[in-house]
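S.K.: Here is what each chain is made of, one letter per residue.
Protein chains: 2
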Amino acid sequence: MDIKLLEVDTLESALEKLHKKYRAAHEGKGRSSVEVEKLPLPKCYNRVLAEDILSSENIPAFNRSTVDGYALCAKDTQGASDSLPVFLDVVGEVKMGEAPDFSINPGQCAYVPTGGALPDGADGVAMVEHCQLFGPSQVAVYSALSFGHNMVFQGDDVSQGQTILKKGRVIEPADMGLLASVGKTEIPTYTPWKVSVISTGDEIVNPSLNPKPGQMRDVNTYGLIGEIQRLGLDVAGFRLVRDDYQMLKDGVMEAAKMSDVVLVSGGSSKGKKDVTEEVLDDITSGGVFVHGLAVKPGKPTILAVDEQGRIFIGLPGHPVAALLMFRLLVGGLWEMETGGSPGLGAMPHKARLAVNIAASPGRKTFQLVTIEDGLAVPVLGKSGLIATMSKAHGYIVMDINQEGINKGEEVEVWPL
Amino acid sequence: MDIKLLEVDTLESALEKLHKKYRAAHEGKGRSSVEVEKLPLPKCYNRVLAEDILSSENIPAFNRSTVDGYALCAKDTQGASDSLPVFLDVVGEVKMGEAPDFSINPGQCAYVPTGGALPDGADGVAMVEHCQLFGPSQVAVYSALSFGHNMVFQGDDVSQGQTILKKGRVIEPADMGLLASVGKTEIPTYTPWKVSVISTGDEIVNPSLNPKPGQMRDVNTYGLIGEIQRLGLDVAGFRLVRDDYQMLKDGVMEAAKMSDVVLVSGGSSKGKKDVTEEVLDDITSGGVFVHGLAVKPGKPTILAVDEQGRIFIGLPGHPVAALLMFRLLVGGLWEMETGGSPGLGAMPHKARLAVNIAASPGRKTFQLVTIEDGLAVPVLGKSGLIATMSKAHGYIVMDINQEGINKGEEVEVWPL
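As given, the protein sequences belong to chains W and D, one line each in that order.
Reading the first sequence from the start, the letters are residues 0 to 415 in numbering that gives the first Met the number 0.
Reading the second sequence from the start, the letters are residues 0 to 415 in numbering that gives the first Met the number 0.
Don't read these hints as lab results, they were simulated from the structure.
Note that the structure is a prediction, hence the values are computed from the model and not measured.
Each hint should be verified, as a subset may be incorrect.
[Said to hold, decoys possible] Distance condition first, Cα-Cα at most 25 Å in a straight line; then the derived DSS-like pairs of lysine-lysine:
| no. | chain 1 | residue 1 | chain 2 | residue 2 |
| --- | --- | --- | --- | --- |
| 1 | W | 19 | W | 298 |
| 2 | W | 390 | D | 42 |
| 3 | W | 94 | D | 248 |
| 4 | W | 94 | D | 211 |
| 5 | W | 42 | D | 193 |
| 6 | D | 94 | W | 381 |
| 7 | W | 390 | D | 166 |
| 8 | D | 42 | D | 193 |
| 9 | D | 20 | D | 298 |
| 10 | D | 381 | W | 165 |
| 11 | D | 390 | W | 349 |
| 12 | W | 295 | W | 390 |
| 13 | D | 42 | W | 193 |
| 14 | D | 37 | W | 390 |
| 15 | D | 37 | D | 166 |
| 16 | D | 94 | W | 42 |
| 17 | D | 165 | W | 381 |
| 18 | W | 94 | D | 381 |
| 19 | D | 390 | W | 165 |
| 20 | W | 37 | D | 390 |
| 21 | D | 406 | W | 42 |
| 22 | D | 94 | W | 298 |
| 23 | D | 349 | W | 349 |
| 24 | D | 298 | W | 94 |
| 25 | W | 390 | D | 211 |
| 26 | D | 406 | W | 381 |
| 27 | W | 211 | D | 94 |
| 28 | D | 94 | W | 248 |
| 29 | W | 390 | D | 165 |
| 30 | W | 406 | D | 349 |
| 31 | D | 211 | W | 166 |
| 32 | D | 42 | W | 256 |
| 33 | D | 390 | W | 42 |
| 34 | W | 74 | D | 349 |
| 35 | D | 406 | W | 349 |
Construct the entire structure; sequences and hints are all you get.
M.R.: Pasting the structure below:
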């Protein structure tokens, strides 16, 4: 038993080993680890940017009006008011989408629509609502404008040479607009890993079947399919395999052909874990380097990488553990490799703990919670039950040395 | 001008009107508003559940072991310890995936693997690590177990007749596992609306082109394509149309054929707004019912619904406003119609404001912010610039009657 305990890794060391093994295998192949593809802009939502994006232009490319009004020299309007307008000569009209072929001198103005280019010399725009036309060539302006009022200057949005988005950015809707504004329509993004899921266990049946006594339906495959999509990765395939060395080996090898990551779930009993470990070790030519994790839940987790840099993970049978370990290990490595930093939506929320909770000594502990009236409330129920995870809003992490957290303390709740 | 002001709606009243008009049109058609389709479970991630889901079974269907060990009567182990084991007779072995054909009486036990069914009479499982086999038929148990230790009871996860997920639930990975566990593999979900985007404006060019002086690239279409996907809706198509009544009308009518929602973006100048409004009103037979919003940014927003219940929205040209109004109006109506309540990731984060900010009197004000060291910092830069939105982590909402918020006050930051 002591020997077994020594073989257990912390989550951090397991992830570091996984990163090193993955990198080493890919460097051996002489190519970058995660593949990069150019995608048309409309397909880039939620993809990870694989290069820094620089703008070769100023945006806007010209001084632009943000209102319908009269482009003018702002200082001409000093002292203007509702009762005391300033009179300016109208010297032209800017047409939408065209560059004006005239300029504005003090005492002059020109009509410009929203989005129109300001003539040279103009440094402010009076809204039509604050102006009154006197004949075809004179306008009374009833408000005083400051420099740059109702306009944006060339380069205000993006300046030439500026890095508008950094490598590793998870592309959000506004980023897509920003990329369009600088003329980037084919975007270098990381190709999502293809992930296969294999569920094993003689007691496990396809969810469309009625289990016989002693059997139960496959839960982990479907939870994992959701988690794969949640991370923005691709589901390469999924399959239920009987709990037999040769059948499992055949299934894993078949899945590996079309996958960057192969998950084997359901081998948490001693015997099953051994079969999974044996199969993964054989397939990867001795590539199993993590045999268990000091994590609760999630101990019976096995990691291997083959010579081609494909990742093989034996996940716990316990559904909550399987989903969490997938997220932390595959999601963790994906973020390390791509630099992908998800937005505010993936960040933890602060909440105060509603009751005392205990950690498991010597293990990093994950506690599912709901958030109710700003308080983090642990989700009761024995571990391993998928309903508890479905009910939870998120989870709290307690470090390996932590004994627990007291009621009323502030905690970080990571969204599920 | 006063008449125009009277025509402006609050965001809340606009959304309420939109809801009523949408409902009325759909009730006239005699069918439910948002269509429902049955989807195979693996395709359900992030879809909205269209019915309550009840379980017709107990999950687990039998008392199940959570460890490899010996099923026994827990009270037999009272007082057992490392130095003083309890001896029990081994009366059988449970096979994985099979129901045991024997039961356990006091003084007896049986081997059971993780996930195996407990024999009748057993109410606890001693882990193999805490047991020692003496010959083929006797086991020494070195630890005292409480009732139900290392096992889950029939119905612990889900009890028969229980509603496991409610209509309106946005399906998360754990929910997919839960649905699988109760044998639901074809899931009733709301069919995402098909949304078309039309950008209009003579100064607007396709982002793959180099704009001539006075022209600029289409930003809103690509930001909106991202927002549509972010809401889980479908992009039906997108198109750039010249700023002309007939061309816009043709474009909108063409788009409407394949859409539940048609967005027209880029008509924010007075003249353009009028054309957009005229087109939408003509197409919907006088269906325009909102002519502007008391919102900053977002004032020039137009809403119409046609007799078939299709939604037409004239969005501001201002990209930040266009994206926000789409999210609040289309996203708002989608949530009202489906009951869709997104998870913790879409909930606002609490932060303290780094500086004083002012609201716009008489308008609901949206202020973009970043979160830095737990402080909400307003994103500087003139409104209307897409780079400001790309930079921001989220936004703060100030109500129509609010004058502003002081530095240090706690605010809610909604993720972008």
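S.K.: With reference to the structure, classify each hint as holding or not holding.
M.R.: Hints, one by one, checked against the model:
For the given pair, residue 19/W sits about 21 Å from residue 298/W by alpha-carbon distance, which is consistent with the 25 Å threshold. With a CA separation close to 21 Å, the supplied pair residue 390/W and residue 42/D stays within the 25 Å bound. For the proposed pair residue 94/W and residue 248/D, the alpha carbon gap of about 22 Å is at most 25 Å, so the pair holds. In summary, the hint linking residue 94/W to residue 211/D is supported, as the alpha carbons are separated by about 13 Å, within the 25 Å threshold.
This hinted pair checks out: residue 42/W and residue 193/D have alpha carbons roughly 16 Å apart, not beyond 25 Å. For the hint pairing residue 94/D with residue 381/W, the CA-to-CA distance comes to about 23 Å; that is within 25 Å, so the pair holds. For a cut-off of 25 Å, the pair hint linking residue 390/W to residue 166/D stands: about 14 Å separates their Cα positions. At most 25 Å may separate the alpha-carbon atoms for a hinted pair to count; residue 42/D and residue 193/D meet this at roughly 18 Å.
In summary, the hint linking residue 20/D to residue 298/D is supported, as the alpha carbons are separated by about 21 Å, within the 25 Å threshold. For the proposed pair residue 381/D and residue 165/W, the alpha carbon gap of about 22 Å is at most 25 Å, so the pair holds. Under the criterion of a C-alpha separation no larger than 25 Å, the hint pairing residue 390/D with residue 349/W is consistent with the structure, at around 23 Å. At most 25 Å may separate the alpha-carbon atoms for a hinted pair to count; residue 295/W and residue 390/W meet this at roughly 19 Å.
Using a Cα cut-off of 25 Å, the hinted pair residue 42/D and residue 193/W holds, with the two alpha carbons roughly 16 Å apart. The straight-line distance between the Cα atoms of residue 37/D and residue 390/W is roughly 23 Å, inside the 25 Å bound, and the hint therefore holds. Only pairs whose Cα atoms come within 25 Å are accepted, and residue 37/D paired with residue 166/D is accepted, the gap being roughly 14 Å. Taking the CA atoms of residue 94/D and residue 42/W, the gap is about 50 Å. The hint is violated against a cut of 25 Å.
Annotation: proposed proximity of residue 165/D to residue 381/W holds, straight-line Cα distance about 22 Å (limit 25 Å). As the CA atoms of residue 94/W and residue 381/D are separated by approximately 23 Å, the hinted pair is consistent with the 25 Å bound. At roughly 11 Å between alpha-carbon atoms, residue 390/D and residue 165/W fall within 25 Å of each other, so this suggested pair holds. Simply put, residue 37/W and residue 390/D have alpha-carbon atoms about 23 Å apart, close enough for the 25 Å limit, and the pair holds.
For a cut-off of 25 Å, the pair hint linking residue 406/D to residue 42/W is broken: about 40 Å separates their Cα positions. A threshold of 25 Å between alpha carbons decides the hint, and for residue 94/D with residue 298/W the separation of about 24 Å falls inside it, so the pair holds. A C-alpha spacing of about 8 Å is found between residue 349/D and residue 349/W, which places the hinted pair at or below 25 Å, so the restraint holds. Of the supplied pair hints, the one linking residue 298/D and residue 94/W holds, its CA atoms being roughly 24 Å apart against a limit of 25 Å.
Under the criterion of a C-alpha separation no larger than 25 Å, the hint pairing residue 390/W with residue 211/D is inconsistent with the structure, at around 55 Å. With a CA separation close to 45 Å, the supplied pair residue 406/D and residue 381/W exceeds the 25 Å bound. For a cut-off of 25 Å, the pair hint linking residue 211/W to residue 94/D stands: about 13 Å separates their Cα positions. A C-alpha spacing of about 22 Å is found between residue 94/D and residue 248/W, which places the hinted pair at or below 25 Å, so the restraint holds.
Taking the CA atoms of residue 390/W and residue 165/D, the gap is about 11 Å. The hint holds against a cut of 25 Å. For the proposed pair residue 406/W and residue 349/D, the alpha carbon gap of about 20 Å is at most 25 Å, so the pair holds. For the given pair, residue 211/D sits about 30 Å from residue 166/W by alpha-carbon distance, which is inconsistent with the 25 Å threshold. Taken as a hint, the residue 42/D and residue 256/W pair is honoured in the structure, with Cα atoms around 23 Å apart against an allowance of 25 Å.
For the suggested pair residue 390/D and residue 42/W, the alpha carbons sit about 21 Å apart, so the restraint of at most 25 Å is met. Taking the CA atoms of residue 74/W and residue 349/D, the gap is about 43 Å. The hint is violated against a cut of 25 Å. Taking the CA atoms of residue 406/D and residue 349/W, the gap is about 20 Å. The hint holds against a cut of 25 Å.
Comparing the model with each numbered hint stated earlier shows that hints 16, 21, 25, 26, 31, 34 do not hold.
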